[in-house]
Amino acid sequence: MATVTSSFHFSTLTQSSQRNFTLSSNSPTFRFRVGFSCHYLGVRASSYASKMVVRCSSSSVTEPPTVSETKLNFLKEYKRPIPSIYNTVLQELIVQQHLMRYKRSYRYDAVFALGFVTVYEQLMEGYPSDEDRDAIFQAYIKALKEDPEQYRVDAKKLEEWARAQNSTSLIEFSSREGEVEGILKDIAERAGGKGDFSYSRFFAIGLFRLLELANAMEPTILEKLCAVLNVNKRSVDRDLDVYRNLLSKLVQAKELLKEYVDR
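Numbering (my numbering), first residue to last: 2 to 264.
Only true hints are included.
Below, in silico cross-link-like pairs of lysine-lysine (BS3-like), each with a Cα-Cα straight-line distance of 30 Å or less: (1) LYS80 / LYS255; (2) LYS146 / LYS77; (3) LYS250 / LYS104; (4) LYS158 / LYS72; (5) LYS157 / LYS80; (6) LYS146 / LYS195; (7) LYS186 / LYS143; (8) LYS225 / LYS157; (9) LYS250 / LYS77; (10) LYS158 / LYS195; (11) LYS158 / LYS104; (12) LYS104 / LYS146; (13) LYS234 / LYS157; (14) LYS255 / LYS143; (15) LYS157 / LYS72; (16) LYS72 / LYS143; (17) LYS146 / LYS158; (18) LYS143 / LYS158; (19) LYS250 / LYS157.
These are calculated hints, taken from the structure and not from any lab test.
Using the sequences and the hints given, assemble the complete structure.
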């Protein structure tokens, strides 16, 4: 039997002279070696107050899993075969996300989650079984030692919020109160140097999804949103090009597979 094979390179970065925003998107457990010692120095009590002074010293060495261990975890979580047209991209994505996940500056955020969920839904569109599609999602996120339910909940939360926004309100989140506004403010502070923040292409796709749902697709809106979030727009543009190319190749491969099956 002939085999339909496909190759996608999500990590390949492409540049374009014009930015066109017409895209529509419908280890084993960590090993810790910890030494911890506490020295109780003294207690001074009186009828009014008591004080305890504790001096603690600790040393911790964390060994993150290897890429091979993460991929093995995925295979342990989901044991059924996956058609190559989907598995090829999944394997590349999990390698890329492993590298993001275990960077020292990595910190999970809801925009990142929205970006990944968007990519995953696009990739797995048309998968033979909805139940298997969800099981693969669960296995993928668990292999990275994260919570798949949190990804889903946060992505849905941001989608619902974005649908209620417009071009103006989207970029003026910092002047309002609210759960999602708080999430975006926290990201802006961390990206501005007040904490850990590691930009990634999933974050870029999450931003794009917010714009799409708010019907705010003008390039100037993306530029303003990147500015208020303290994110480099050139990096976002670059990674959205990658996303477009990935989806284009995926559509072509699915069409090729459909033609082969229909023969």
